[in-house]
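Chemist: Sequence:
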Amino acid sequence: MPQEIEHIDAIARQSGRDALYVIFHDDLRQRLDWAALPVRQQIITWLDLNGMHWRPCGHVGSTTFFGRYLGEIYIDVPFDLANPDYMTLCAFLENPDGSCKFPGARFCYYTLAEAMKNAEHDAPGFWEKVWEDF
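Okay, so the sequence shown: first residue is 12 according to our numbering, each after it adds one.
FYI, nobody ran anything at the bench for these hints, they're computed from the structure.
Just so we're clear, the structure is a prediction, and the values are computed from it rather than from any experiment.
Treat the hints loosely; a few may be bogus.
[Claimed, not checked] Okay, derived cross-link-like pairs now, EDC-like style, lysine to aspartate or glutamate, Cα gap no bigger than 20 Å in a straight line: (1) K128 / D29; (2) K112 / D59; (3) K128 / E17; (4) K112 / D37; (5) K112 / E125; (6) K140 / D37; (7) K140 / E15.
Please take these sequences and the hints and turn them into a complete structure.
Modeler: This is the structure:
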């Protein structure tokens with residue numbers, strides 16, 4: 012059954028803050044069996060066990076590029092260096108130098124300021140109009 016997956020920039024605008032997410036690809040055009048990725052399942056399992064809410068998310072919304080879902084996950088934790096959940100999440104996902112501990116995964120954040128550049132995407136009927144003109 013199809014599932015509506017929101018873009019990461021839309022999630023940032025809805026939450027009113029920078030958005031944390033994990034990606035499992037290097038190229039938005041690559042073919043990827045994301046459901047079978049052990050690293051993705053390992054991260055999701057840890058998030059669930061630690062009570063950190065997550066959900067699938069799409070790449071940044073674009074009216075010129077439409078890609079398929081590649082397994083990205085939004086993590087509902089504030090990007091705040093003093094937040095205990097953020098510190099726990101970083102300790103799990105990152106090496107001391109900030110690189111991701113998990114090969115094949117990248118821990119990212121999308122700033123609210125950057126997300127606001129696509130604020131027009133939230134207007135009623137915006138995406139319907141894009142599809143009509145596509």
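Chemist: Sort out whether D29 lies within 20 Å of K128, counting only the CA atoms.
Modeler: 13 Å, holds
Chemist: Between the alpha carbons of K140 and E15, is the straight-line distance 20 Å or under?
Modeler: 18 Å, holds
Chemist: Would the hint linking K112 and D37 be met if the CA-CA limit is 20 Å?
Modeler: Holds - the C-alpha atoms of D37 and K112 are around 16 Å apart, at most 20 Å.
Chemist: Sort out whether E125 lies within 20 Å of K112, counting only the CA atoms.
Modeler: 26 Å, violated
Chemist: Take the C-alpha atoms of K128 and E17, compute the straight-line distance between them, and say whether it is at most 20 Å.
Modeler: 16 Å, holds
Chemist: For the pair supplied as a hint, K112 and D59, is the alpha-carbon distance within the 20 Å limit?
Modeler: Cα-Cα ~18 Å, so holds.
Chemist: Is K140 within 20 Å of D37, Cα to Cα?
Modeler: It is violated: about 30 Å lies between the C-alpha atoms, which goes past 20 Å.
Violated hints, listed in ascending order, are 5, 6; each of the other numbered hints is respected by the structure.
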